[in-house]
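Participant: Go ahead and model the full structure; you've got the sequences and the hints to work with.
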Amino acid sequence: MFETPYLQVAKACDQKRRDFHEHTKLALVSQTNSHDNQEDEEEYDWSENNDVVSIQEIEKKDKEISNLSETIAKQDETIAQLNSEINRLMHEKESEKDVNSSYVEMPIHITI
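Going by full-length UniProt numbering, the residue at position 62 of the sequence shown is 62; the numbering climbs one at a time, nothing skipped.
Hints were generated in silico from the structure; no laboratory data involved. There are no misleading hints in this set.
Cβ pair distances, simulated, as ranges:
hint, residue 1, residue 2, range
1, 24, 88, 45 to 55 Å
2, 85, 8, 14 to 24 Å
3, 61, 97, 44 to 54 Å
4, 5, 95, 23 to 33 Å
5, 60, 5, 23 to 33 Å
Even for Gly, the Cβ is constructed at its ideal location relative to N, Cα and C.
Facilitator: Written out as C-alpha cells, the structure reads:
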C-alpha cells in the first residue's frame, strides 16, 4: 500500500498514543501500589487529583484515535487509487498525443 505523508503521521501519532497509554497505565498502577503500601496515610481521594486520568477515559480516547486512524488510512487508500487512475489517464492521453503527432500527411500523386 502506498503510504502518504498523512498516513505516516497517523501511524507515528498512533504509536505515540499507544506509548502514552501504556505509560499512563503503568503510572496509575504504580501510584495505586505505592498508596496501598503506605499504612499511615488516609484514604487517597482520586477525584481531587487532576493529573490522574481514568483508564476508561484513556480507552475511550484510544478508540476514537483508532477510528480516526482507520478513516485516514481509508482516505489515503482512496487517494492512492485516484492518483493511479489519474496517472493511467494521463499516460493514455500522452500515448494518443504521440500517435497523432507521428501522423504525417503524405500527398498522393496518381498518374495515368
